[in-house]
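Peer 1: If you read the sequences in order, they're chains D and E.
Each residue of the first sequence is one higher than the one before, starting from 0 at the first, in numbering that gives the first Met the number 0.
Each residue of the second sequence is one higher than the one before, starting from 0 at the first, in numbering that gives the first Met the number 0.
Check before you lean on any hint, since a few could be wrong.
[Unchecked claim] Label-pair distances were calculated between CB atoms; the ranges are:
(1) D:W16 to E:A719: 27 to 33 angstroms
(2) D:P93 to E:E504: 36 to 42 angstroms
(3) E:R758 to D:N4: 55 to 61 angstroms
(4) D:P93 to E:A158: 38 to 44 angstroms
[To be verified] Within a straight-line C-alpha distance of at most 20 angstroms, the following computed PhoX-like cross-link-like pairs (lysine-lysine) qualify:
(5) D:K22 to E:K475
(6) E:K332 to D:K62
(7) D:K62 to E:K176
(8) D:K62 to E:K103
(9) E:K332 to E:K317
[Claimed, not checked] Covered by chain E, per the in silico footprint, the following chain D stretches (three or more residues, Cβ under 8 angstroms):
(10) 9 to 17
(11) 34 to 41
(12) 66 to 73
(13) 93 to 100
(14) 108 to 116
Please keep in mind that the hints were generated in silico from the structure rather than gathered at the bench.
Positions of the beta carbon are idealized from the N, C-alpha and C atoms, including for glycine.
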Amino acid sequence: MWLINIAGLALIALIVWWFWLYKPQEVALNEQGLLVVVENGGYTPANIQVPANTPVNLTFLRKDASPCSEVVLWPGLDISQTLPLNKPIQVALPALKAGDYAFHCQMQMYRGALHVK
Amino acid sequence: MNHSPTASRNHGPLPPTGNQVSSNTATDQTLIIEGTGCASCVGKIEKALMAVPGVQTAEMNFANRTVQVQGRAATELLVKAVEQAGYNARPMAGESLSDALDEKEQADLAYYQKLMRQTWVALALGVPLMIYSLVVGEMTVTTTVERIVWLVVGLLTLAVMIVSGRHFYVGSWQSFKNHSANMDTLIALGTGTAWLYSMVVVFAPDAVPLMARHVYFEATAIIIGLIDLGLALELKARGRTSEAVKRLIGLQAKTARVIRDGEELDIAIEQVLLNDLVRVRPGEKIPVDGEVREGHTAVDESMLTGEPMPVEKSTGDKLAAGTLNKTGTLVFKATRVGKDTALAQIIDMVKRAQNSKPPIGRLADAISAYFVPVVMIIAVLSALTWLNFGPEPAIAFAIVSATTVLIIACPCALGLATPMSVMVGVGKAAEAGVLIRNGEALQTASKISAMILDKTGTITLGSPKVTDIVTQTGFKQDQVLQLAASLESGSEHPLALAIVESAKERNLTLDKVESFNAIAGQGVEALAVGQALLFGNEKLMRERGIDVGEFIETAQHLASEAKTPMYFAVDGRLAAIIAVADPIKEDSIAAIKRLQKNGIRVVMLTGDNRATAKAVAEKVGISEFFAEVQPADKANKVAELQMQNEIVGMTGDGINDAPALALANVGFAIGTGTDVAIESADITLMRGSLHGLADAIAVSKATLRNIKQNLFGAFIYNVAGVPVAAGVLFPVLGVLMNPVIAGAAMAFSSVTVVTNANRLRLFKAQEH
């Protein structure tokens with residue numbers, strides 16, 4: 000029994016580490032901009048690195064027909080964009096100070112972050 | 000010259016936003032390219048496009064598979080050029096808002112039908128299995144025959160999981176890779192655990208105690224079916240939340256009749272260019288914003304302003320896209336097209352506001368961010384508790400409780416609670432001609448305790464008229480008016496306009512003035528035909544040493560009649576007193592009463608003298624007013640009320656009230672018809688009536704109430720549901736919740752939230 004208990008507690012530790020403590024890899028914005036694909040319940044890439052104090056454009060391509068994926072929001076910046084299905088759409092972001100800016104769908108089920116450095 | 004509505008927005012090589020408007024001969028188009036495999040295709044495609052006559056630049060973005068073309072070239076030619084180069088292309092942003100809406104509706108319908116098909120497939124297996132378990136009894140594995148039968152059922156369930164539930168598993172894996180978890184994660188883990196455990200029982204029954212050899216295939220199939228059904232119903236209900244925007248988009252005309260080179264052409268509205276002459280016949284919608292050049296008509300603007308009376312339009316008057324031409328034929332010049340029309344801006348603003356969150360939703364957002372992993376941890380803890388302390392068969396109880404916890408938890412209900420209500424509330428307000436900037440304004444408007452109203456143009460019509468001219472001996476009325484109007488012709492003050500207008504009505508010719516000087520808050524002075532003219536209030540006269548004693552009584556009498564008396568002096572001698580009155584809007588009294596009835600302290604501000612202010616305030620039923628307030632002091636009055644712990648709303652015309660509007664907790668700009676100053680305030684009232692204020696406050700209160708109901712329901716559901724699913728009631732009731740019940744509860748919790756938000760659609764602003 001103690002083996003099961005240890006396995007259970009290890010599983011909890013794994014959940015905490017994987018979802019909260021792990022720092023995911025960031026994809027940097029290149030000269031061509033960046034395409035964020037909205038598909039299968041998430042954003043790819045979900046962690047985007049952008050330069051500080053420079054306005055940037057991100058292009059979103061929604062391939063997911065689920066209504067949850069319809070809107071992307073930057074709550075901290077008061078920016079939102081409705082994403083049409085299967086059509087790239089551009090979101091213009093203002094020059095931002097260094098920091099992390101979360102973006103997500105209306106229900107926060109699709110989540111990503113902009114890491115401004 | 001570039002008239003494209005997209006031209007000013009696009010920077011860099013990336014494609015423009017999808018809701019931008021371009022046309023099939025527009026100056027800025029984006030094509031989606033298909034069939035490109037390598038970066039070397041870029042040059043080939045760009046070259047092919049550059050060869051099309053009219054194309055100035057063609058820049059391909061390989062990362063996005065899009066190409067942006069500038070220049071005047073037909074879309075069909077561009078597509079053909081790309082095809083000839085060996086690839087496929089289709090236009091990306093060449094559609095109107097209504098086309099985008101149609102496309103969205105079609106996509107939603109297709110997704111709804113897909114979800115319903117998936118539901119039927121899952122329930123077709125799950126329901127008979129459930130009936131079997133209810134009629135025959137426990138679905139246990141004890142004999143070899145049972146093992147074979149359940150293996151077949153297990154494989155059929157796997158097929159259901161793939162056909163009807165694939166999106167949950169793929170979605171959860173995708174999120175997992177991104178180190179995030181969502182509703183898909185919970186469904187996938189819950190149904191996956193039930194299925195895996197059942198398959199272990201089928202393949203290796205000896206690995207589990209005899210009493211625990213139970214299969215849960217029916218739970219897996221039914222949960223997938225019910226959640227698909229819930230998603231389908233939610234999609235339907237969501238469609239209704241954006242009806243207001245649909246209605247606004249539906250106001251747009253599809254085509255316009257333009258006059259180019261003397262020829263009349265019917266073209267799509269996206270092709271109308273700035274300064275085009277457009278003809279509109281009776282019964283037709285105005286296609287773009289413009290200014291009347293020929294003709295006279297009545298235009299119904301109620302769809303934008305909520306104002307029921309048609310507005311007379313003739314040469315020089317402004318027209319707004321989406322309004323309806325009732326009686327005459329007009330020719331007008333297009334002054335704003337595409338995304339620049341007032342209607343397009345209103346739609347854009349409403350859409351943005353619908354997506355913004357009021358502060359009340361922040362707690363739910365904070366919880367949502369941690370919700371799913373916490374539920375996963377609770378599921379593990381619940382299983383461990385059952386394994387350690389539960390009765391036999393402990394492993395079966397552990398599996399059921401963990402599965403049920405995972406399935407019943409509904410992060411969606413929590414996440415949907417605020418945005419769905421905001422969608423409906425903001426849309427409802429827009430229907431009443433009230434444009435709410437964002438969620439914060441919506442929430443604060445519901446808490447307003449004091450409302451400051453600027454007198455001129457807010458309580459009154461803002462178009463004063465000369466009512467009395469009392470002259471001093473030696474001066475005639477026309478002579479005084481002619482001189483005063485000459486002096487005031489350089490000023491843009493509403494009172495000055497009234498005097499100039501009155502002189503025009505009497506056909507008086509105005510003289511040229513020199514050395515014009517406006518004395519802020521006091522009056523004006525200038526030289527005309529060799530005479531020094533001075534026009535203004537008592538303070539100005541006294542400062543210049545002009546005796547007004549003789550007229551003091553007259554001025555007081557005029558002011559007591561809600562008129563504004565002004566003194567006019569010629570060469571240092573008082574010549575006349577001219578009174579101007581600004582009529583009170585006919586529904587101001589009722590609207591103010593409505594605000595007061597809702598417990599709001601109504602305060603009036605004006606630059607006018609105290610007596611006039613008092614007379615107007617008394618007429619409209621306001622007991623608290625501030626007179627002779629300079630424009631710069633308006634913000635101080637807002638601050639004063641805020642110091643008294645009031646949540647202050649400030650209503651003004653949005654032009655000289657900007658600092659006060661900005662300082663107020665909620666700034667209301669009162670519009671004049673469709674010519675709205677959208678950028679200037681938290682809330683813009685499209686029509687001039689003060690009822691818009693009461694409507695805005697009522698709709699925000701109703702929306703906040705709805706959000707609270709939704710949040711309360713979603714919190715209670717999860718806070719109560721998760722522990723019950725884990726088995727806290729087992730010691731009392733002796734039974735665990737069935738995972739199927741959890742699936743049904745979860746599926747319908749988010750439908751309930753959306754349906755409750757939709758109740759707001761029935762909201763009606765009270766009296767008018």
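Peer 1: Could you run down the list of hints and mark each one as holding or not?
Peer 2: So, going through the hints one by one against the coordinates:
With their beta carbons about 30 angstroms apart, W16 (chain D) and A719 (chain E) fall inside the hinted range of 27 to 33 angstroms. Separation of P93 (chain D) from E504 (chain E) is about 51 angstroms and departs from the stated range, judged on CB atoms against 36 to 42 angstroms. Between R758 (chain E) and N4 (chain D) the Cβ separation comes to about 48 angstroms, which falls outside the hinted range of 55 to 61 angstroms. Hint check: P93 (chain D) to A158 (chain E), Cβ distance near 50 angstroms, so the stated range 38 to 44 angstroms is violated.
The suggested pairing of K22 (chain D) with K475 (chain E) is violated, with an alpha-carbon distance near 86 angstroms, which exceeds 20 angstroms. At most 20 angstroms may separate the alpha-carbon atoms for a hinted pair to count; K332 (chain E) and K62 (chain D) exceed this at roughly 41 angstroms. For the hint linking K62 (chain D) to K176 (chain E), the alpha-carbon distance of about 18 angstroms falls within 20 angstroms, and the restraint holds. As the CA atoms of K62 (chain D) and K103 (chain E) are separated by approximately 13 angstroms, the hinted pair is consistent with the 20 angstroms bound.
Of the supplied pair hints, the one linking K332 (chain E) and K317 (chain E) holds, its CA atoms being roughly 10 angstroms apart against a limit of 20 angstroms. Closer than 8 angstroms: that is the beta-carbon criterion, and the stretch 9 to 17 of chain D has 5 residues meeting it against chain E, so the requirement of 3 holds. Check result for the stretch 34 to 41 of chain D against chain E: holds, 5 residues qualifying (beta carbon to beta carbon below 8 angstroms, three or more required). Judged by the Cβ-Cβ criterion of 8 angstroms, the stretch 66 to 73 of chain D is covered by chain E as claimed, because 4 of its residues qualify and three suffice.
By the rule of at least three residues with a Cβ nearer than 8 angstroms to a Cβ of chain E, the coverage given for the stretch 93 to 100 of chain D is violated, with 0 such residues. Three residues within the 8 angstroms Cβ limit are the bar, and the stretch 108 to 116 of chain D against chain E gives 4, so the coverage statement holds.
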